[in-house]
Amino acid sequence: MPGGGHPLAVAVAHCKSGVGKTTTTIILGRYLARRRRVALLDYDDGQHLTALLKDISPDGVVTNRLWLDEASGLSEADVVLIDSAPARSRETRRALVEADYVLVPAPPERQVVRSVHHMLDTICGTGRVHLLEECGVDRPFLVV
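In my numbering, the protein residues as written are 36 to 179.
Calculated from the structure, these hints are not laboratory results.
There could be a bad hint or two in this list.
Unchecked claim - Here are the simulated lysine to aspartate or glutamate pairs, DMTMM-like style, with alpha carbons at most 25 Å apart:
1. K51 x E144
2. K51 x E111
3. K89 x E111
4. K51 x D135
5. K89 x E126
6. K51 x E126
7. K89 x D113
8. K51 x D80
Every value quoted in this text rests on a predicted model; they were computed, and no experiment measured them.
Assemble the whole structure, with the sequences as input and the hints as a guide.
Spelled out as structure tokens, the structure:
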């Protein structure tokens with residue numbers, strides 16, 4: 036866990052809606068919860084993650100638009116998954132800055148693949164992610 040005991044934070048982000056951010060967050064969260072304590076953050080105005088998980092068990096954590104250092108219960112998590120908003124919003128940029136990793140879902144559709152470029156620009160704009168040589172900083176990412 037990075038930062039001496041802080042949970043590992045993974046932002047699932049894309050500037051386009053309907054590319055599988057929420058689905059990816061749920062599936063990854065369920066898989067990781069087999070062996071880790073997982074917290075889910077819903078940074079999307081549409082609140083799809085929260086709606087899908089409203090009947091979650093009491094030992095799970097779903098919270099709405101709380102920053103990692105302010106949300107109760109997150110310090111007990113091993114992994115925090117952030118379902119980001121589909122835009123270049125302040126909330127999305129905040130999620131990207133706070134994340135240790137950024138996961139960019141990209142189904143094999145022409146428009147989605149083109150929009151990945153815009154998402155990469157947004158990630159680069161945080162100054163925290165090494166994607167291209169001109170960004171040259173310190174944060175890994177994955178496009179799936």
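Holds or violated: K89 with E111, Cα cutoff 25 Å?
21 Å, holds
Given pair status - D135, K51, alpha carbons within 25 Å
Between K51 and D135 the Cα gap is close to 21 Å, so the pair holds against 25 Å.
Are the Cα atoms of K51 and E111 separated by 25 Å or less?
Judged against 25 Å, a Cα distance of about 31 Å means the pair is violated.
Is the hinted pair K51 and E144 satisfied, with a Cα-Cα distance of at most 25 Å?
OK: K51 and E144 at ~12 Å, within 25 Å.
For K51 and E126, compute the direct alpha-carbon distance and say whether it is at most 25 Å.
Judged against 25 Å, a Cα distance of about 15 Å means the pair holds.
Sort out whether D80 lies within 25 Å of K51, counting only the CA atoms.
Holds, at roughly 13 Å.
Within a Cα-Cα threshold of 25 Å, do K89 and D113 meet the stated pairing?
This hinted pair holds, its Cα atoms lying about 21 Å apart.
Is K89 within 25 Å of E126, Cα to Cα?
22 Å, holds
In the structure shown, a violation is registered for the earlier hint numbered 2 alone.
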